[in-house]
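So you can see what is in the structure, the chains are spelled out below.
Number of protein chains: 2
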Amino acid sequence: MCGFLGGSSSFTCHNAFFFLIYLQAAEIDPPESTPGPPFPVFTRQEVARHHSEGDRVWVTYGSDVFDVTDFLELHPGGKSKILLAAGGALEPFWALYAMHKQEHVLELLQGYKVGELSPEEPPLPTPGDPYGGDPPRHPGLKVNTLKPFNAEPPSELLAENFLTPNPLFFKRNHLPVPTVDPATYRLYVQGIRGRALSLSLQDLKSKFPKHKVTATVQCAGNRRAEMNALRNTNRLGWNIGAISTACWSGVRLRDVLVHAGYKQGDDGHVSFEGLDKDQNGTVYGASIPFEKAMDPKGDVLLAYEMNGEELPRDHGFPLRVVVPGIVGARNVKWLARISVGPEESQSHWQQKDYKGFSPAVTWDNVDFSKAPAIQEMPVQSAITEPSPNALVPPGELTVKGYAWSGGGRGVIRVDVSLDGGKSWHEAKLTGEAQSPGRAWAWKLWQLKACVPPGTKELNIVCKAVDTSYNEQPDSVGPIWNILGVLNNAWHRVHVSVGED
Amino acid sequence: MCGFLGGSSSFTCHNAFFFLIYLQAAEIDPPESTPGPPFPVFTRQEVARHHSEGDRVWVTYGSDVFDVTDFLELHPGGKSKILLAAGGALEPFWALYAMHKQEHVLELLQGYKVGELSPEEPPLPTPGDPYGGDPPRHPGLKVNTLKPFNAEPPSELLAENFLTPNPLFFKRNHLPVPTVDPATYRLYVQGIRGRALSLSLQDLKSKFPKHKVTATVQCAGNRRAEMNALRNTNRLGWNIGAISTACWSGVRLRDVLVHAGYKQGDDGHVSFEGLDKDQNGTVYGASIPFEKAMDPKGDVLLAYEMNGEELPRDHGFPLRVVVPGIVGARNVKWLARISVGPEESQSHWQQKDYKGFSPAVTWDNVDFSKAPAIQEMPVQSAITEPSPNALVPPGELTVKGYAWSGGGRGVIRVDVSLDGGKSWHEAKLTGEAQSPGRAWAWKLWQLKACVPPGTKELNIVCKAVDTSYNEQPDSVGPIWNILGVLNNAWHRVHVSVGED
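As given, the protein sequences belong to chains V and E, one line each in that order.
Quick note: the first sequence uses full-length UniProt numbering, first residue 1, plus one each step.
Quick note: the second sequence uses full-length UniProt numbering, first residue 1, plus one each step.
Keep in mind that a hint or two might mislead.
One copy or any two copies: either way a pair holds, since identical chains are not told apart in the list.
Said to hold, decoys possible - Using 16 Å as the maximum straight-line C-alpha spacing, the simulated EDC-like pairs for lysine to aspartate or glutamate come out as follows: (1) K370 with E426; (2) K428 with D367; (3) K142 with D129.
These aren't lab readings, by the way, just hints derived from the structure by calculation.
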């Protein structure tokens, strides 16, 4: 499911063979050669002859040569992607995945070693760092990976503001942040009957009315750390902070689509492509149902402002899609192109990622065509205060958190337990009033409870209920899945009680 | 929350004081007088003087006299309802609640006894049985209450047909089944600017196009038996069968509302009143959001046919509302009147029943205004085969069931466990294809599993996942509520393995 050459949104892989470390950025060294008889020595030219299955497929990494023919079919990102490196070096393709510091990947690779490069071969030219143009970030963010940049706000700050300050809003990038000149930027919109629109920022701001929508965006991988703790998915270990809320301003996607000739009532999908791309030119892409895009109450925006400021570079400058109620992955940033068609986006991220599976599905039997791409998300909540394993004094205790549900289904209640789920209390909810069916923003919540003297520990649990009276499942195990997405089990925080 | 004089949809009550048995239908006798000094003796005329709080409120039941002044505020159905009996007999009001055979209710009542009726008082006239006009029913139904009639199909038949045969479709009546002459029947529709429509059956069938919708209807109390087993709610103990599916035919509510002058885009609620009423003339009523009613993709019907046959009397002959994706309680039967307004229906069943509460809420602190009326329902599934506590042979085992979710969110997966939730298998789903967002009908499912010899028992569990990736909660306790509604915890069936 992970991509070999840039097709991954997760940079992880159960057979993580090909997720090696680009030497320039690597913090671990290539593995030492296995003791044993010396390996045969090859020139790069000799390796280059092994560029197809008929001739066996060889690749190099550092000074080692590997025959990966028997791995082609096992490559979760697909055979076609791995074949791009056939006969050559792996390094240029992994410049984009600099954060994969997995020892076991290098060990796996060693199993396919068939030789070494001649010591007379010149080293590879050092490519520039594709992430060299990324913007500076707030030092308070909890970084999951630097390249690409994936980071979340500290949990204890998360519920302090109904609108998350832009610098603390979680960042979830799949690729380097593109550098865009707003003066020459154009949005391409495929219109009906072969027509097309090319819109400048000024066109967008002047030709269409400006709309504001307050919406929470959540990554499908939010709270994956709890799934990883149970059984490692080898994917980004998000804590509870891959979710944030902003007031977005921009034009309605619906208005742009109507301008391009589309009418409500049609079926199909609206596909988006970003300006962020890998070294092969593959761009980030995703799609949403046409019906959601055209629904006047769907509130889908092409946003150029975030909390009253120009859209920050990490959040899609100069233009991004905001699809309220829908998983973050469809809120395409650095928007380049919009098209409409009968099929969903064919991108890796729509077809081979961001889908939910049964805990029974493994990497050996997964069939991506069987699960729908995640759009609306299930009801969610988490405890932001106190922190796990904190020491809290007896007496009054304040428990805080957030709660949200997908599809515009507002949160109507949050139940909090201090005894692991045996007894419950209702939390007090706060948040902006939103229309029924268009409750795009989270609710923050708070419970003041009295902890009697003598209490040794508390098992704090929260669960939210939405307008469809959906509840969160009790435990992580039965919803665990190979992609580590959609964790909305009760959030649990254990604390000790005592004086400091 | 229960109604004293007909305001109840559940005929149950935590302080069930007033849910006594109408003598004519009673199968248990009034309690014997408590031993002790003889009570004073009163005439009915003397009792009648105690008809307000200033004079104390007395009522009679059988030959006993009770002062219920101190119970007025405790009456869950409200003081105004209980005062209707002030100074007189309870019996006429309970003719409609003939099924309340609760010994503890009669014991509670004895605590308020202040006297006895003079032996010279003539007995009350015997009223006719208000349920005398109810239709005959299929003998295979599992009856929860006879008067009103509430019954479900046997669990093992439930998933045998995608469309539930009409005689086996679960029946959930709140009141006696009205007898309606189709020739004189009129539907009253409040129109805009004070206008009104009065439509005959012939008008409906000839003036509006006929539409067909296959939709599952589920009572909010489905699977309440599992909640009652944990802590009794004293309400109808539905097993897993308060859910069924039919192909409904009729006219679209939207078409009728447009005919009455309404336009899509307005806010508010559409209220329905039935022809079923209690002895005070209070009719069954409920409402749905105007937006759902007017949505061309909402598929709300005024149905006159069920599975190709004339609507049966138990299901609302000659006309009922079918609101796909919405709790059964809003699918008003024997439809008499439609009105549109800014407020929800003021009926007991919209305001004081069919709402979901935290397990922390008790009858002492419940505030009905704080919970939204149930409309869309959460994702649900149940095991119809094997039966609980069955003996199954080792070897191939077939597990069957149903799965459904509210709001048109289709079921995308059903996970089945044979070991209480430790490991999972995906069931095979069957059902009619339905449009995205309009998946109104359930999916039936089946799993063939191999039970190894030596296995002693199986803890079979199922859980469903809908298109928003909502899952069912693991356990009943944390979603238990005083009304016993919305039980969508994993369904669990324990069986023994062995040869017969």
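Copy assignment of K370 with E426, given that the CA separation must stay at most 16 Å | between (39 Å within a copy, 12 Å between copies)
For K142 vs D129, is the C-alpha pair at or below 16 Å within one copy, between two copies, both, or neither?
-> Intra 22 Å, inter 71 Å, cutoff 16 Å: neither.
Homo-oligomer pair classification [D367, K428; C-alpha up to 16 Å] | between (43 Å within a copy, 15 Å between copies)
The structure is inconsistent with hint 3 alone, although it conforms to all the rest.
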